[in-house]
Amino acid sequence: MVRTIAIVNQKGGVGKTTTAVNLSAYLASLGKFVLLIDLDPQGNASSAFGIDHRSLPEGIYESLTGLSPMKQVIQATAVEGHKLAPASISLAGANIELVNVERREFRLRDTLAEVAHEYDYVIIDCPPSLGLLTVNALVGADEVIIPVQAEYYALEGLSSLLETISLVRENINQELEILGALITMYDDRYKLTHDVFHELYRYFPNRIFRTVIPRNIRLAEAPSYGKPILQYDRGSRGAKAYEKLAREVIFTES
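Numbering of the sequence shown is given in full-length UniProt numbering, commencing with residue 1 and proceeding in unit increments.
I should point out that these hints are in silico values taken from the structure, not numbers from a laboratory.
Be a bit skeptical, because a hint or two may be false.
Here are the in silico distance ranges between beta carbons for each label pair [what the hints assert, rightly or not]:
| id | residue 1 | residue 2 | range |
| --- | --- | --- | --- |
| 1 | N100 | R202 | 39 to 45 Å |
| 2 | L67 | D188 | 47 to 53 Å |
| 3 | N100 | D187 | 44 to 50 Å |
| 4 | E248 | S166 | 20 to 26 Å |
Heads up, simulated DMTMM-like pairs for lysine to aspartate or glutamate below, C-alpha to C-alpha not over 25 Å straight-line [claimed, not checked]:
| id | residue 1 | residue 2 |
| --- | --- | --- |
| 5 | K11 | D120 |
| 6 | K227 | E97 |
| 7 | K32 | E143 |
| 8 | K11 | D187 |
| 9 | K32 | E253 |
| 10 | K11 | D195 |
| 11 | K244 | E163 |
| 12 | K32 | D120 |
| 13 | K71 | D52 |
| 14 | K71 | E97 |
| 15 | K227 | D195 |
| 16 | K244 | E80 |
| 17 | K71 | E118 |
Quick caveat, the model's predicted, so the values are computed rather than measured.
C-beta: ideal position from N, C-alpha, C; glycine also.
Produce the complete structure using the sequences and hints provided.
This is the structure in structure tokens:
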């Protein structure tokens, strides 16, 4: 049974794409068949695997709009068992162009139905907004991971995100669950990060991952080499944290 997990936070710079890329890569390295969907028009998850999304003839947008079947846009990556549905440059206009499309909130779910049976996990990297692409991800997903940066304004906007998730659950996708909040860019030298941690418990009393992703220069460097952290520097603190996260996610399999 496939598990489809959306990595969501409308705030940018919280480690959302880093989490989507490295969680998906480590799930594959642990023996799972994984599809990563780059639903962010910036295409950073695609470039993290060495794919120049600006020169792609087709990608996930073409699949969402029915121009290309999902199987046709999916590409293999250098990680065994890991595939990617990249973001083509056309994705930038999707929030506007999908508005008048029939079943607009279900486009990702519908196109995923063609291929989902081939995978154990589908990981969706969402854009930093609560627009139509993110709604498509929430409608197509079973679970949500919310990366939260350990900083002063980390919880700003979290209420809007939780409200959106609640609305999708009530009106479209009753199966949608929050798998957990994930603390990213953690630095235990600063009291502030401890404050954020405790504040998060008010929002997610039983849904915070034990794994904490540290601030780590190797994590920041890896995308510029077109590699996930397990291929760039497997011995780094960031790599060990994402491997631990992948194991924690697998542990929650029912």
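Results of checking the hints against the structure:
Between N100 and R202 the Cβ separation comes to about 40 Å, which falls inside the hinted range of 39 to 45 Å. Distance hint check for L67 and D188: the Cβ-Cβ separation is about 48 Å, which falls inside the suggested range of 47 to 53 Å. Checked against the given bound of 44 to 50 Å, the beta carbons of N100 and D187, roughly 46 Å apart, stay inside it. At roughly 25 Å, the beta-carbon separation of E248 and S166 lies within the given 20 to 26 Å, and the hint holds.
Restraint check for K11 and D120: not satisfied, since their Cα atoms lie roughly 28 Å apart, outside the 25 Å limit. The straight-line distance between the Cα atoms of K227 and E97 is roughly 32 Å, outside the 25 Å bound, and the hint therefore fails. Under the criterion of a C-alpha separation no larger than 25 Å, the hint pairing K32 with E143 is consistent with the structure, at around 17 Å. Taking the CA atoms of K11 and D187, the gap is about 19 Å. The hint holds against a cut of 25 Å.
About 12 Å separates the Cα atoms of K32 and E253, which keeps this hinted pair within 25 Å; it holds. Between the alpha carbons of K11 and D195 the distance comes to roughly 19 Å, so the proposed pair stays at or under 25 Å and holds. This hinted pair does not check out: K244 and E163 have alpha carbons roughly 29 Å apart, beyond 25 Å. Between K32 and D120 the CA atoms are separated by roughly 6 Å; this keeps the pair inside 25 Å, and the hint holds.
Between the alpha carbons of K71 and D52 the distance comes to roughly 19 Å, so the proposed pair stays at or under 25 Å and holds. Straight-line distance between C-alpha atoms of K71 and E97 comes to about 22 Å, which keeps the hinted pair within the 25 Å bound. Between the alpha carbons of K227 and D195 the distance comes to roughly 33 Å, so the proposed pair goes past 25 Å and is violated. For the hint linking K244 to E80, the alpha-carbon distance of about 19 Å falls within 25 Å, and the restraint holds.
Only pairs whose Cα atoms come within 25 Å are accepted, and K71 paired with E118 is accepted, the gap being roughly 11 Å.
Violated hints, in rising order: 5, 6, 11, 15; the structure is consistent with all others.
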